[in-house]
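**Student:** Going down the list, the sequences are from chains E and V. Here the first sequence is numbered in our numbering, starting from 1 and rising by one per residue. Here the second sequence is numbered in our numbering, starting from 157 and rising by one per residue.
Hint data in this document are derived by calculation from the structure and do not stem from the laboratory. Using N, Cα and C, we set each Cβ at its ideal position, and we do this for glycine too. Hints may contain errors.
[What the hints assert, rightly or not] Among chain V residues calculated to face chain E with C-beta under 7 Å, some are: (1) G243; (2) T384; (3) G385; (4) F389; (5) D392; (6) F444; (7) P509; (8) M510; (9) G560; (10) R591; (11) Q776; (12) V780; (13) A804; (14) R810; (15) R812; (16) I814.
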Amino acid sequence: MDVTITLTVNGVARTVTTDPQRPLLDVLREDLHLTGTKYGCGEGHCGACTVLMDGKPARSCVVPVSLADKKSIITIEGLAKGDSLHPVQEAFLAEGAIQCGYCTPGMILSAVALLQDKSNPTDEEIVAGMNGNICRCNGYVKIMNAVRRAAGKVRR
Amino acid sequence: MAENLSIQKAQSATAKSSAGSEFTISRRTFVQSLGAGLAITVTEAISWGQRRGGRGGAQGGGMPVVARLHLNEDGTIAVMSGKVEEGQGARTELSQAAAEELQVPFDRIRIVMADTDFVPDDGITAGSRTTPGNVPPMRQAAATARELLTRFAARRWQVEPNTLEVRDGTVTNKATNQKLTYADLATSKEIAEAFKQPIESNIALTAVSDWKVMGSSAARMNWRDIVTGTHCFPSDIVRPNMLYGRVLRPPAYGAVLESIDLSAAKAMKDVVVVQESGFVGFAAPTLFQATAAMEAAAKTASWKPGPPSPSSKTVHAYLKEHARMGSPSEKGFADAAKTLTATYTLAYIQHTPMEPRAAVAEWDGDKLTVWAGCDGPYRVKGDLMRLFDLPAERVRAIVPDMGGGFGGKHNPDAALEAARLAKAAGKPVWIRWTRAEEFTWAYFRPAAVIECKGGLDAKGKLVAWDFVNINAGGAAVDTPYNIANKRCQSVGSDSPLAQGAYRCLAATGNNFARESFMDELAAVAGADPLEFRLAHLENQRIRTVLETAAKHFNWSERKKKITPELGVGLACGTEKNSVVAACVEVGIDRKKGEIRVREVCEAFEPGPIINPANLTSQVQGCIVMGLGGALTEEIQFENGKILNASFADYHVPRFRDIPKIDVHLVNKTDIPSAGGGETPIIAVAPAIGNAVFAATGVRLRAMPMRGDALRQA
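So here's chain V without its partners, still in its complex pose:
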């Protein structure tokens, strides 16, 4: 898509406003394929000024530009974003944001994403940050363009700007019926002179109640290409004379290559072999040949095994032994009438995006271009610059809209491998990890041990709370419930496997443990799970989704119909400034040891909803992905080997596993929009566990929750 785009860098002049915020207004001097025109850049200073709450800032710091917009002479408008489209809908959402503030039809926007030659450094695409971090500056850039058009017209017509309004990309003088468009603005010779003065940063954004494009289910932009097979995912990039690459992998974690005989591989026709500092790679005109060369060499390899490491059966004890933590809090427990403790665990799991890691690298002299399936284009670029000691202007990283990520594609492994092989081969090289490589060598969602302790007073009120997550992280570790004495913490440990981000990461495990344990406490207190939560919950947003889910599920009636074979449960939570609650019904076959989720009713509120259809897809996807982690997904390993690196042995949700799903989106318009692709996952597992308990009285404290435990009970 982006390979034919070539825009010469704009000569820019920076103006500082009295408020200390900055806009860079650039006169386009020469543009090839987007047409000549005007560029508007929003700097970090402006975006910070626009942010209300939240953590703000792209990852990694030092990235001043947060939005770019080009008004072209032909009337088209291009917006630039360093974010990556991986199925979550960022391409469409950012285009909606620009169209809304420009007051142009949605289809007038052309968005360029994740190409380091054109887009700002927006860090990695993660943490539900695109909506709160990138939509506001994109709107700010677009609103500035709209304001420029208004002032341009006012100046030319000698009228007050506040008498003019931009509609459908055109500003009209009602008295004279004169019209001016963004194309006129882009081609104006007066513009640079007219707007030498600073542009203030407080241009009003369109109120949620006036949204026309935002708030609508605008159709995703490249779907026709997807259904016809013409969209090029990273693994679909083909370059002239391209070779296909494979990389030798160790037989187990920690194994070190001692010796290898590469002569057989080197003797194969048209095969390129690279061995340098532990990296051994092969490239050939077909993937089949590259694989044959790798397998021939692998037979001769001698490996020194790594140090002893735990297996998936012993890992939780290992993590606890290696936990870096202090002594538990005793405060408040002395006054408690009843104290309850429980230990919850999480398994390592894999993201398994349908498209494994992939990259194509191409050297043109000492300039390197890489197409990569990685969610941080500037991370790809930076790692390549370091690996080959190249200056920034000689490396270009492009991320075509890719086949899923879920937090699993932060690292540009495949890009580095392809670039090494391409350099040696003198030809472009394509790499795409096999499914087994993806299962084995991609980083994992961390395993965890979560220790919970709660104290109830004589009236059944929760008065003391101690909650420690070992190894999985601090997302949503704090409790949203009101408890007089509490300690909530996350401590590190020694992970035997490479671990990293995941959809909502630790929030899933923390919420599983907390919401399951809240149910345990409710049972001890003799309270209804819904009433017990509401009694300890002041957060109105959580109360709203909890009550919404309970109402649509008909909680109060259905909990009366619980049998040993049929349970209902609920859970709620908050993370990334959005709130969620779920009610579920499970069917249980104790003879077979089976848990079957029959229905999930979930309410989700992320602030003002930007695209309801897309958000519904995200919530449905989170619910179903959550079923996998809740019930079946678990990496099994022993002696540094992954034992189930296949879709045959690692069960992800399939059509047969899908329950009735009922999604209720709550549109709260008086706060900023939060991202919606992660938080809806966190209520699924605890609601299932609570439903199983309601039916059977058996508390399942390990994710995944195996039905085997019920068979024995």
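The following block holds chain E by itself, in its conformation from the complex:
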């Protein structure tokens, strides 16, 4: 019943033999020990588990690992290049767009996906792109500022 899945995670080829129905989120956290990707709802409603799958945002809690076979996954741990943070990570720090920080990995990956798609989004486009991510500390104002900053659009 177990199957062997081959995937690339943060640029490294990985092989996992497991139940194909397990969520990608569980495999990342339990088998590959990449706990930066968070569980928030298990239903794809909150965005805490967002990763990039072949460059597109994916809710890893509702992606069976079998669908990640032969795919390339980027998690929050794979975003920085060595000590050099991704511009979106830098923007979250610069704007102080973090309270408890639990939603932050998913927020950052959703923002990366948004900015890859639209390098200079309007506020409406940021809202549309980020609306699937919930922050219960309700730090949306500073997160908006961080996404604007990352897009080179910070208003001062």
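Assemble chain V onto chain E, guided by the hints.
**Tutor:** What follows is chain V alone, placed relative to chain E:
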């Protein structure tokens, strides 16, 4: 983070001062990972002496130590706090407090939080108590260290202490340019001998006007770990050979397990099954396997339903019927020219922190270590000691900085579940509640019925007031307005759901009812809502924030532009020794029955502000969280079942709901600092309701305020 820390307990000697206050000055005898050095402990006696006003004291009583500080030989300084970081910024704020009084750069402070092997028992992290209750003793411990360094130097150099000053962690003899540092103090062989005499408790703290580190927007301490995904939240703890756990839940409130067939679960490979006194749990090498085992067993379970209980549609009548209250006050109403009554209601709501309850438990022989997402590390420890009949030295509870709480994580449920399973499995066990479990089995913010009655004299002055909160509690139940005859009370009832703390708890509902009702009275009196409040308000702090918010919002002009589709409203209030006022603009679509909050302008004053950037985040967060309770959040239930236990069916604020938000922090420096993570929530809902009324003439008296009522109107 803290798991590799191992400090041997200091041999301590207690000295009593003539004032009856105590400092415990301990010579460090052996330290592993923080380095050898000097420990300074502030006891409850000192902290009480330092407290000016406020309720004081950590919850639960009997906890003498309120701050600990270690000066290490390598020049680093460690401070210990039993408080929990859950996004509110306590880690940074307490470090700022220590750095300020030690006169060292902020980055020299290493803070250990919420690990019962090292930190004092500071109770639970709640009630905005960290700022007023823990910052002062932390400052006192640090100021004592600074004073010790000064006296140490004075003694060695044979000069008067008052000629010396500590700067940047160093005391300098200006005449000779000799220098001494905290590391010198920590390594001194003379120190124990030199300071056998008591240290008085009245060492001056740095005046607000001289603050350098406090009062600044010091950056939060572990943010880089958060943006790179390396910070370990409670649910991220992984231990060798760890199993993942699930717990069987009843199908409804009050249901009791009659029978269950566990054979299928037990037959599954590598699955551990535990059944003891109503607890049925499963642990397996993956969460998927544990869940499969639980679901297989759940299919065979037979449950005896609980007694009949109300639904979310009937609960307010039920609470009123079961209210424990006397007869209402009639005093003053006889003289009133006009009397108005109204009933307000609140729904049950959930906290839904992004990280659900989580814990990892690990037994090493008969010693138990638990990492838990709970805001009271000593509550975790105490509950585990009782459950397993263990002495204190065999239980260690650690709370890694966790993913939100908002008053919803006082109980260590997940820790107890993980520890039971780990004991049976003989391996560490991890538990993290699902979102549906968090929605269903975590305690709720109480529902309430609030009865209001007000009497106006012929001139429109409020002369009689009767206000009763049924079921939600007494926070901010008293009115801040001057009214000759008043009765304000909170009475209990029979809650059909488990209920508990929430961000500002009852203050939100009480302020919603009071500030909405004040608006109703202003309308009856024919007065402007702002003028009506000011006419009954002597509290200068509230007046200041009310006038600040009104000025920045341009209240007097904007109220002239009200239309049936566009309303403005305001509200104010006080709780936990801070004050707040908000002005809002709402857009209303009566065809769709929609209320859209377009702008919130809020002024907040908590005394001297310790970290403006962090406080701004807290106020913004309160405003947005307040929108949820005001407009959309409501637990629906029937026959003991929660009907909307999902983010799909329970709408919390999202990016699309965010109005223009304008925050004005008022820094009042002549009083002690109050906490700022709660009170800013209480003005949001009534200001919205008042704006809706201003536009439509329809008074919405239920939280959440549904736009449906406008569609029918």
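**Student:** Of the hints given before, which are not true for this structure?
**Tutor:** none
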